[in-house]
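Chemist: Based on these hints, arrange chain B on the given structure of chain A.
Protein chains in written order, with this note's numbering: chain A, 1 to 489; chain B, 1 to 282.
Since the hints were derived computationally from the structure, they do not count as laboratory data.
We put the CB at the ideal spot given by N, CA and C, even for glycine.
It is possible that part of the hints are untrue.
[What the hints assert, rightly or not] Computed spacing ranges between beta-carbons, pair by pair: (1) A:164 x B:126: 43 to 49 Å; (2) B:62 x A:443: 19 to 25 Å; (3) A:402 x B:58: 48 to 54 Å; (4) A:23 x B:126: 48 to 54 Å; (5) A:20 x B:239: 42 to 48 Å; (6) B:62 x A:58: 43 to 49 Å; (7) A:277 x B:167: 55 to 61 Å; (8) A:402 x B:141: 29 to 35 Å; (9) A:31 x B:263: 26 to 32 Å; (10) A:33 x B:163: 37 to 43 Å; (11) B:263 x A:130: 43 to 49 Å.
[Claimed, not checked] In silico DSBU-like links for lysine-lysine, alpha-carbon gap of 30 Å or less: (12) B:219 x A:416; (13) B:137 x A:38; (14) A:413 x B:219; (15) B:237 x B:219.
[Stated by the list, open to error] Incomplete in silico selection of chain B near chain A, CB under 8 Å: (16) 39; (17) 47; (18) 65; (19) 69; (20) 77; (21) 78; (22) 79; (23) 85; (24) 89; (25) 162; (26) 176; (27) 208; (28) 211; (29) 217; (30) 256; (31) 259.
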Amino acid sequence: MSRTYVGMPAFPRAAAVSAGDTTLRANLRTATHTIRAKRAEAVAELDDWDRLRAAGAAVKDRTLRHLDHYLLQLEENVTRAGGTVHWAADAAEANRIVTGLVQATGESEVVKVKSMVTQEIGLNDALERAGIRAYETDLAELIVQLGDDLPSHILVPAIHRGRSEIRDIFREHMADWGRPAPEGLTDRPADLAEAARLHLREKFLRAKVAVSGANFMVAETGTLVVVESEGNGRMCLTLPDTLISVVGIEKTVPTWRDLEIYLQLLPRSSTAERMNPYTSTWTGTTADDGPRAFHLVLLDNGRTDTLADQVGRQALRCIRCSACLNVCPVYERAGGHAYGSPYPGPIGAILTPQLRGLTSPLEESLPFASSLCGACYEVCPVAIDIPDVLVHLRERVVQGGETTIRGTRTVIKPAKGHTMERAMMRTTGWVLDHPAALRRGQRLAARARRALPRRLPGPGRAWSDTRDLPEVPPESFRDWWERTRGGDA
Amino acid sequence: MSVSFTVASRCGRMKRQMIIGREGMSDVMRVGLFVTCVNDTLYPRTGRAVVSLLERLGVEVDFPAAQSCCGQPLSNTGYRHRAEALMLRYAAAFQGHEYVVTPSASCAAMVREGYPRIAARAAVEGRSRAEVERLSKAAARVVTRTYELTEFLVDVLGVTDVGAYFPHTVTYHPTCHGLRMLGLGDRPRRLLEHVRGLELRELAGAEECCGFGGTFAVKNPAVSAAMGADKTRAIRKTGARAVCAVDNSCLMHIGGTLSREGSGVRPVHIAEILAGTEGRVL
Numbered sequence: 001m002s003r004t005y006v007g008m009p010a011f012p013r014a015a016a017v018s019a020g021d022t023t024l025r026a027n028l029r030t031a032t033h034t035i036r037a038k039r040a041e042a043v044a045e046l047d048d049w050d051r052l053r054a055a056g057a058a059v060k061d062r063t064l065r066h067l068d069h070y071l072l073q074l075e076e077n078v079t080r081a082g083g084t085v086h087w088a089a090d091a092a093e094a095n096r097i098v099t100g101l102v103q104a105t106g107e108s109e110v111v112k113v114k115s116m117v118t119q120e121i122g123l124n125d126a127l128e129r130a131g132i133r134a135y136e137t138d139l140a141e142l143i144v145q146l147g148d149d150l151p152s153h154i155l156v157p158a159i160h161r162g163r164s165e166i167r168d169i170f171r172e173h174m175a176d177w178g179r180p181a182p183e184g185l186t187d188r189p190a191d192l193a194e195a196a197r198l199h200l201r202e203k204f205l206r207a208k209v210a211v212s213g214a215n216f217m218v219a220e221t222g223t224l225v226v227v228e229s230e231g232n233g234r235m236c237l238t239l240p241d242t243l244i245s246v247v248g249i250e251k252t253v254p255t256w257r258d259l260e261i262y263l264q265l266l267p268r269s270s271t272a273e274r275m276n277p278y279t280s281t282w283t284g285t286t287a288d289d290g291p292r293a294f295h296l297v298l299l300d301n302g303r304t305d306t307l308a309d310q311v312g313r314q315a316l317r318c319i320r321c322s323a324c325l326n327v328c329p330v331y332e333r334a335g336g337h338a339y340g341s342p343y344p345g346p347i348g349a350i351l352t353p354q355l356r357g358l359t360s361p362l363e364e365s366l367p368f369a370s371s372l373c374g375a376c377y378e379v380c381p382v383a384i385d386i387p388d389v390l391v392h393l394r395e396r397v398v399q400g401g402e403t404t405i406r407g408t409r410t411v412i413k414p415a416k417g418h419t420m421e422r423a424m425m426r427t428t429g430w431v432l433d434h435p436a437a438l439r440r441g442q443r444l445a446a447r448a449r450r451a452l453p454r455r456l457p458g459p460g461r462a463w464s465d466t467r468d469l470p471e472v473p474p475e476s477f478r479d480w481w482e483r484t485r486g487g488d489a
Numbered sequence: 001m002s003v004s005f006t007v008a009s010r011c012g013r014m015k016r017q018m019i020i021g022r023e024g025m026s027d028v029m030r031v032g033l034f035v036t037c038v039n040d041t042l043y044p045r046t047g048r049a050v051v052s053l054l055e056r057l058g059v060e061v062d063f064p065a066a067q068s069c070c071g072q073p074l075s076n077t078g079y080r081h082r083a084e085a086l087m088l089r090y091a092a093a094f095q096g097h098e099y100v101v102t103p104s105a106s107c108a109a110m111v112r113e114g115y116p117r118i119a120a121r122a123a124v125e126g127r128s129r130a131e132v133e134r135l136s137k138a139a140a141r142v143v144t145r146t147y148e149l150t151e152f153l154v155d156v157l158g159v160t161d162v163g164a165y166f167p168h169t170v171t172y173h174p175t176c177h178g179l180r181m182l183g184l185g186d187r188p189r190r191l192l193e194h195v196r197g198l199e200l201r202e203l204a205g206a207e208e209c210c211g212f213g214g215t216f217a218v219k220n221p222a223v224s225a226a227m228g229a230d231k232t233r234a235i236r237k238t239g240a241r242a243v244c245a246v247d248n249s250c251l252m253h254i255g256g257t258l259s260r261e262g263s264g265v266r267p268v269h270i271a272e273i274l275a276g277t278e279g280r281v282l
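Same shape as in the complex, but just chain A (with noise of 0.2 Å):
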């Protein structure tokens, strides 16, 4: 059984222990920066981005708006092009669909195209504990499968792993996989690539079934499309005799033409790019070609559940690019575990505790895990305002309000740990409210400025650990004001 997310630490806890991690820390600046420069120019070299990005986000919204419409529509015409729809309302459900389609097959082991949703719903851990086993064919995934490792990043799984520990990992483990490393494995990235190919393609000429998720899924043909860099996708989606994809509703877009938006978006975004190496596109069952049976698994998994949130519901529009996990100044230094689900960094928190709910203190946290710096809206291609779908979640956390569980609207209490800090708000926002008590406060302060502390004790340390405190004035603003201008206020 690989590592899972259930039981992880809220987010400053784990944060706090890979802060302080100076090669991991490392790693992720050079790796981040790099792409972000890379992003800026594949972006720069478009004059109509700003119009690409409002589309973007207007064709998500509207297909959103329909979306009941457009699922119906997508089921219609896959059945009519040979496949076969099933719905799951969750991750058991979806689980318990795909173990049974993979045991109808008699087969008890799967390859598998990189996918989030997968990941999301534990599939893997689900096939194993029915006895089937599922290779992970992306290089990256490949890494963190062989590590029995979870990955820290949406398009590089692997990004907190150097070169000399995935070659650790892969004369480690490769064996207990399949074909072992080769002898004498270096950390060339040509070796180690090589090493995965091998180890990889004996899987590929031996599997009959195959797991995958969707960029896209086009309602209007009933096509499903995979957009990938390595091309072992496109292996998995043509050897095998059967193919199962495992799809979030929210990847609908209702025509072909609104696809031609998001292949521009999504490269240049995501490896910075103009064009990804492999797009794989495919409508049902093909005679004489590819799987003959296709499988495919619409997933809602609190989807329907964040759609009801008229604030929170733009976070479905995210095409899963990793812009802005490479822009983010808290997931360069806390990485990607610390979010404790695969969707790390901003989109992480504000999708996973929308997706899951505000179910335990990990997901109450990822709202406050930004300091609003705005870097990710900046960035994103479809125009998701991050800090204020942040800003939002924050509410419902220290407040509790209106939500929306598994299709009721429900009313939660505030999360626990929050009655002291309400309280302070409450006098914060009465003394801000009333300039004269702002000024008595003041005055206090100021006669005591010479016994003040530079560092505070008990909560206060959270500050004054790394940071002195400022020096209080002999005078606020406004009482200077009164002495000199006096009769003019």
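Modeler: What follows is chain B alone, placed relative to chain A:
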């Protein structure tokens, strides 16, 4: 609403106001100073610098005592409803002012982006029509009149050389809300470039957040400190004697970190640099 739309409409508004502003300048221009709660309490020197700078440029400054805080610390931590009273207070305090000038990009952004949002959210929540109207009117009244200091200087007064003197090496940290919410662009730099005696040193990774983020600084102290340490390393590398910004809250974090590191680099608000003259260096 797209970003480009917001920016475009703002530019249009600014141009219109510049023309109105110039026409109205036959006498003396009067502005309301929103000093902000942080400056009022901890950095009165910055407020005094704004007064002295604006008066030197022939602008009459008024300080309505009813003002307090824009409400951002409350609303960004999840207490939006508590910020409503402060928004109404702000609108009432500056009711009679054609221009409100503030030495904080973050507070200006709160007024311009945050206030309309507060009103919109109240409407969505199904609050009474009278309440929603009161909030929307308050927001609408102040959104177009509120200017961050460097914006006011460059766009409304049309000056980049304010006749300042500051004989030191300085590096400039563009704060996030100034950079990404207000779109201040190169306005602060243009003002600094005209300061006599000042040598501007380039800051590597200038557009990266310093790690303050209001309550983020204490809710995620480890990450905030790590961001702060990277920022101060870049600042120290410039060899500048002072680091300047358009926001004292960011400078409180940067300065607190520098001081703990035992560095002699001084945090200075841009207003204090622009207020200095050969006769009177602050």
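Chemist: None of the hints should be skipped; say for each whether it holds.
Modeler: Checked hints:
Checked against the hint of 43 to 49 Å, the C-beta distance between residue 164 (chain A) and residue 126 (chain B) comes to roughly 59 Å, which is inconsistent with it. Distance hint check for residue 62 (chain B) and residue 443 (chain A): the Cβ-Cβ separation is about 23 Å, which falls inside the suggested range of 19 to 25 Å. Here the CB-CB span from residue 402 (chain A) to residue 58 (chain B) is close to 53 Å, well matched to the stated 48 to 54 Å. Taken as a hint, the range 48 to 54 Å holds for the pair residue 23 (chain A) and residue 126 (chain B), whose Cβ atoms sit roughly 52 Å apart.
Taken as a hint, the range 42 to 48 Å is violated for the pair residue 20 (chain A) and residue 239 (chain B), whose Cβ atoms sit roughly 29 Å apart. For residue 62 (chain B) and residue 58 (chain A), the hinted distance range of 43 to 49 Å is satisfied, since their beta carbons lie about 44 Å from each other. Against the hinted window of 55 to 61 Å, the Cβ-Cβ separation of residue 277 (chain A) and residue 167 (chain B) comes to about 57 Å, which satisfies the hint. A hinted range of 29 to 35 Å holds for the C-beta pair residue 402 (chain A) and residue 141 (chain B), which are about 30 Å apart.
Between residue 31 (chain A) and residue 263 (chain B) the C-beta distance comes to about 29 Å, which sits within the given range of 26 to 32 Å. Evaluation of the 37 to 43 Å hint for residue 33 (chain A) and residue 163 (chain B) yields a pass: the beta carbon distance comes to about 40 Å. For the hinted restraint 43 to 49 Å between residue 263 (chain B) and residue 130 (chain A), the CB-CB distance of approximately 60 Å leaves it violated. Proposed proximity of residue 219 (chain B) and residue 416 (chain A) is supported: the alpha carbons are some 15 Å apart, at most 30 Å.
Distance hint between residue 137 (chain B) and residue 38 (chain A) is unfulfilled; the C-alpha atoms sit about 44 Å from each other, more than 30 Å. At roughly 21 Å between alpha-carbon atoms, residue 413 (chain A) and residue 219 (chain B) fall within 30 Å of each other, so this suggested pair holds. For the given pair, residue 237 (chain B) sits about 29 Å from residue 219 (chain B) by alpha-carbon distance, which is consistent with the 30 Å threshold. For residue 39 (chain B), the suggested interface contact is upheld, since its CB lies about 6 Å from the closest CB of chain A, less than 8 Å.
Interface restraint check: residue 47 (chain B) against chain A, minimum CB-CB distance 4 Å, threshold 8 Å, status holds. Checking residue 65 (chain B) against chain A: minimum C-beta separation of about 5 Å stays under 8 Å; hint holds. With its C-beta approaching chain A no nearer than about 4 Å, residue 69 (chain B) sits inside the 8 Å limit, and its interface hint holds. Checking residue 77 (chain B) against chain A: minimum C-beta separation of about 6 Å stays under 8 Å; hint holds.
Interface restraint check: residue 78 (chain B) against chain A, minimum CB-CB distance 3 Å, threshold 8 Å, status holds. Taking 8 Å as the C-beta contact cut-off toward chain A, the hint placing residue 79 (chain B) at the interface holds, the least distance being around 5 Å. Given the 8 Å rule on beta carbons, the hint for residue 85 (chain B) holds: about 5 Å separates it from the nearest Cβ of chain A. With its C-beta approaching chain A no nearer than about 6 Å, residue 89 (chain B) sits inside the 8 Å limit, and its interface hint holds.
About 21 Å separates the beta-carbon of residue 162 (chain B) from the nearest beta-carbon of chain A, more than 8 Å, and the hint is not met. Taking 8 Å as the C-beta cut-off, the interface hint given for residue 176 (chain B) holds, the closest approach to chain A being about 4 Å. Annotation: residue 208 (chain B) was flagged as interfacial toward chain A, and the flag holds, the nearest CB pair being 6 Å apart, inside 8 Å. With 8 Å as the threshold, the beta carbon of residue 211 (chain B) comes within range of chain A, its nearest partner Cβ sitting at about 6 Å, so the hint holds.
For residue 217 (chain B), the shortest C-beta to C-beta distance to chain A is roughly 6 Å, which falls under 8 Å, so the interface hint holds. For residue 256 (chain B), the shortest C-beta to C-beta distance to chain A is roughly 3 Å, which falls under 8 Å, so the interface hint holds. Annotation: interface hint on residue 259 (chain B) holds; nearest CB of chain A at approximately 4 Å, less than 8 Å.
Figure legend: structure checked against the earlier numbered hints; hints not met, in rising order: 1, 5, 11, 13 and 25.
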